[in-house]
Amino acid sequence: MLKLSLSEISLPKLTFWDLVAIAVAVIGVALTGANWKSAQSGDGSTVWLFAGVQLAICLSSLLILGKTAKAGTLWGILAAVGGTLVGMGGVLLAAALWTAA
Numbered sequence: 001m002l003k004l005s006l007s008e009i010s011l012p013k014l015t016f017w018d019l020v021a022i023a024v025a026v027i028g029v030a031l032t033g034a035n036w037k038s039a040q041s042g043d044g045s046t047v048w049l050f051a052g053v054q055l056a057i058c059l060s061s062l063l064i065l066g067k068t069a070k071a072g073t074l075w076g077i078l079a080a081v082g083g084t085l086v087g088m089g090g091v092l093l094a095a096a097l098w099t100a101a
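All the letters of the sequence shown, read from the start, carry residue numbers 1 to 101 under the working numbering.
Hint data in this document are derived by calculation from the structure and do not stem from the laboratory.
Accuracy of the hints is not assured; some may be wrong.
[As the list claims (entries may be wrong)] Here are the computed distance ranges between Cβ atoms for each label pair:
1. Thr15 - Leu62: 17 to 27 Å
2. Gln40 - Lys70: 34 to 44 Å
3. Ala96 - Lys70: 16 to 26 Å
4. Ser41 - Ala95: 17 to 27 Å
5. Ala71 - Val26: 33 to 43 Å
6. Gly52 - Lys13: 29 to 39 Å
7. Leu63 - Ala30: 35 to 45 Å
8. Gly42 - Lys13: 38 to 48 Å
9. Leu11 - Gly42: 43 to 53 Å
10. Trp98 - Leu62: 21 to 31 Å
Idealized CB from N, CA, C, for every residue including glycine.
Given these sequences and hints, build the entire structure.
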């Protein structure tokens, strides 16, 4: 019978850049939700502000991706790619909301 305890499973420790990549991805998701909510309330004046901030999220995630890829940490790479996709999606959402307004 094979016994497996949780102490035998070791996850890699998160580094500083992993946490930064996770934080940028979470900020991007929060800003996408705020953009959607502001567009639903009929206020279309902030859409381009959100588009600029989402573009900054996308570009900063790409820079963090380079840093985490150099360090070779899986969690940081996944979070940075996720932050990049969220940033690009936020820019596309802002453009679509501006067109619809």
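Results of checking the hints against the structure:
Thr15 and Leu62 have their C-beta atoms about 18 Å apart, which keeps the hinted 17 to 27 Å range intact. For the hinted restraint 34 to 44 Å between Gln40 and Lys70, the CB-CB distance of approximately 41 Å keeps it satisfied. Distance hint check for Ala96 and Lys70: the Cβ-Cβ separation is about 35 Å, which falls outside the suggested range of 16 to 26 Å. At about 19 Å, the beta-carbon gap between Ser41 and Ala95 stays in the expected band of 17 to 27 Å.
Separated by about 20 Å at the C-beta atoms, Ala71 and Val26 break the suggested range of 33 to 43 Å. At roughly 35 Å, the beta-carbon separation of Gly52 and Lys13 lies within the given 29 to 39 Å, and the hint holds. At roughly 20 Å, the beta carbons of Leu63 and Ala30 sit outside the given window of 35 to 45 Å. Between Gly42 and Lys13, the C-beta spacing of about 46 Å keeps the proposed range 38 to 48 Å intact.
The hinted window of 43 to 53 Å between Leu11 and Gly42 holds, with their beta carbons roughly 45 Å apart. Restraint check, Trp98 to Leu62: a C-beta distance of roughly 24 Å satisfies the suggested window 21 to 31 Å.
Of the numbered hints stated above, those contradicted by the structure are hints 3, 5, 7, listed in ascending order.
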